[in-house]
Amino acid sequence: MTARPTPNRVCGLAGIDVPIIQAPMTYIAGAQLAAAVSNAGGLGIIETTSEQGRADLRRVRDLTDRPVGANIALIMNRDPATVDLLAANDIRFVTTSAGDPALFTHRLHDAGITVFHVVGTLAAARKAVDAGVDGLIVEGVEGGGFKNRFGASTMVVLPLVAAQIDVPIVAAGGICDARSMAAAFVLGAEGVQMGTRLLASAESPVHDNLKRAVIAADETSTVLLPLDGHRMMRVIRTAAAERLDEETSFGGGTAALQRVQRLYFEGDMDASVANTGQVAGRIEDIAPAADIITRMWAGCREVLAGAADRLGPPGPTWGGS
Numbered sequence: 020m021t022a023r024p025t026p027n028r029v030c031g032l033a034g035i036d037v038p039i040i041q042a043p044m045t046y047i048a049g050a051q052l053a054a055a056v057s058n059a060g061g062l063g064i065i066e067t068t069s070e071q072g073r074a075d076l077r078r079v080r081d082l083t084d085r086p087v088g089a090n091i092a093l094i095m096n097r098d099p100a101t102v103d104l105l106a107a108n109d110i111r112f113v114t115t116s117a118g119d120p121a122l123f124t125h126r127l128h129d130a131g132i133t134v135f136h137v138v139g140t141l142a143a144a145r146k147a148v149d150a151g152v153d154g155l156i157v158e159g160v161e162g163g164g165f166k167n168r169f170g171a172s173t174m175v176v177l178p179l180v181a182a183q184i185d186v187p188i189v190a191a192g193g194i195c196d197a198r199s200m201a202a203a204f205v206l207g208a209e210g211v212q213m214g215t216r217l218l219a220s221a222e223s224p225v226h227d228n229l230k231r232a233v234i235a236a237d238e239t240s241t242v243l244l245p246l247d248g249h250r251m252m253r254v255i256r257t258a259a260a261e262r263l264d265e266e267t268s269f270g271g272g273t274a275a276l277q278r279v280q281r282l283y284f285e286g287d288m289d290a291s292v293a294n295t296g297q298v299a300g301r302i303e304d305i306a307p308a309a310d311i312i313t314r315m316w317a318g319c320r321e322v323l324a325g326a327a328d329r330l331g332p333p334g335p336t337w338g339g340s
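For my numbering, add 19 to where a residue sits in the sequence shown, where the first one is 1.
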């Protein structure tokens, strides 16, 4: 039997059919959501920051036989034993983020694991490639979660990196549907990563109160909260977020982050703040992950064809003799 060709380098490296990767949302990116994404042909990701996430590396195998990846948030997890845990649970694709890509890349490679590192600038992309990563996840500041105060949008940073770095690129930040996926491919990506769109999926474990807040959001419904120095955090703009935004420092935010599971799983929207991207303003329904992925992948080429049609037929070359 002849093997099916993979669409591009991202699919080939991850062993997947559809170049869509689920973002590694702490406490949320567990076995249930990851399996749903992987079963739909994309790549589900397990976060390894929380104890539950690490336990789900084993549990996910009861839910899917498809490839599943994992994330190492380097600012929170610098334990080399993590690599052994991933290898023991048949994880063959890892994203690293929030830290020095050189910390685990060679160790992961020695374990037979492909490594993509999350970057937000061209300088960070070059550093990651020098560290030997196999690919990049290029994320703009419109994405949810931790961000650099001086970061650029996906529209700016993605084509900049794609023009100068020759490794497979996954776009993140502002991605939720066929139209945004098509835009990412035009700008130089070979895959996309989504967080907020899959947070608002049927298989996402978060409380319906948070899912409904995403659905109700418009394009101005997130805020960047200052953490320390250059670090910011994009969250959905709730009353709790507004109060923290008015503080001169984020001291109160530390306690709020410690209560985030009450928001995520009990629905107490005043207990903490939730990492959410600006793309919440474009999400209109809570759908199964398989439907989200199928619509995106099937619609991507239609969007690109429609854009070509809007250009019209080739015209004369101006400036000629």
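Where hints are given, some of them may not hold.
[Claimed, not checked] Label pairs and their in silico Cβ distance ranges:
# : residue 1 : residue 2 : range
1 : R80       : Y46       : 15 to 23 Å
2 : D149      : D227      : 41 to 49 Å
3 : E238      : R168      : 16 to 24 Å
4 : R281      : R28       : 20 to 28 Å
5 : G34       : E238      : 29 to 37 Å
6 : E238      : G151      : 24 to 32 Å
7 : G151      : N27       : 27 to 35 Å
8 : G318      : E265      : 36 to 44 Å
9 : N27       : D287      : 40 to 48 Å
[Unchecked claim] With a straight-line Cα cutoff of 25 Å, these simulated SDA-like cross-link-like pairs (lysine to any residue) come out:
#  : residue 1 : residue 2
10 : K146      : L82
11 : K146      : D196
12 : K230      : A290
13 : K230      : V102
14 : K230      : L243
15 : K230      : L206
16 : K146      : T101
17 : K230      : D196
18 : K230      : A326
19 : K146      : L179
20 : K146      : G318
Worth flagging that the hints you see were computed from the coordinates, not collected in a lab.
Backbone N, C-alpha and C define an ideal beta-carbon position, used for all residues, glycine too.
Structure-based check of all given hints:
no., hint, result
1, R80 <-> Y46: 15 to 23 Å, "20 Å, holds"
2, D149 <-> D227: 41 to 49 Å, "45 Å, holds"
3, E238 <-> R168: 16 to 24 Å, "21 Å, holds"
4, R281 <-> R28: 20 to 28 Å, "41 Å, violated"
5, G34 <-> E238: 29 to 37 Å, "35 Å, holds"
6, E238 <-> G151: 24 to 32 Å, "38 Å, violated"
7, G151 <-> N27: 27 to 35 Å, "21 Å, violated"
8, G318 <-> E265: 36 to 44 Å, "41 Å, holds"
9, N27 <-> D287: 40 to 48 Å, "42 Å, holds"
10, K146 <-> L82, "36 Å, violated"
11, K146 <-> D196, "30 Å, violated"
12, K230 <-> A290, "16 Å, holds"
13, K230 <-> V102, "33 Å, violated"
14, K230 <-> L243, "20 Å, holds"
15, K230 <-> L206, "30 Å, violated"
16, K146 <-> T101, "22 Å, holds"
17, K230 <-> D196, "17 Å, holds"
18, K230 <-> A326, "32 Å, violated"
19, K146 <-> L179, "15 Å, holds"
20, K146 <-> G318, "35 Å, violated"
In this structure, the earlier hints numbered 4, 6, 7, 10, 11, 13, 15, 18, 20 are contradicted, and the remaining ones agree with it.
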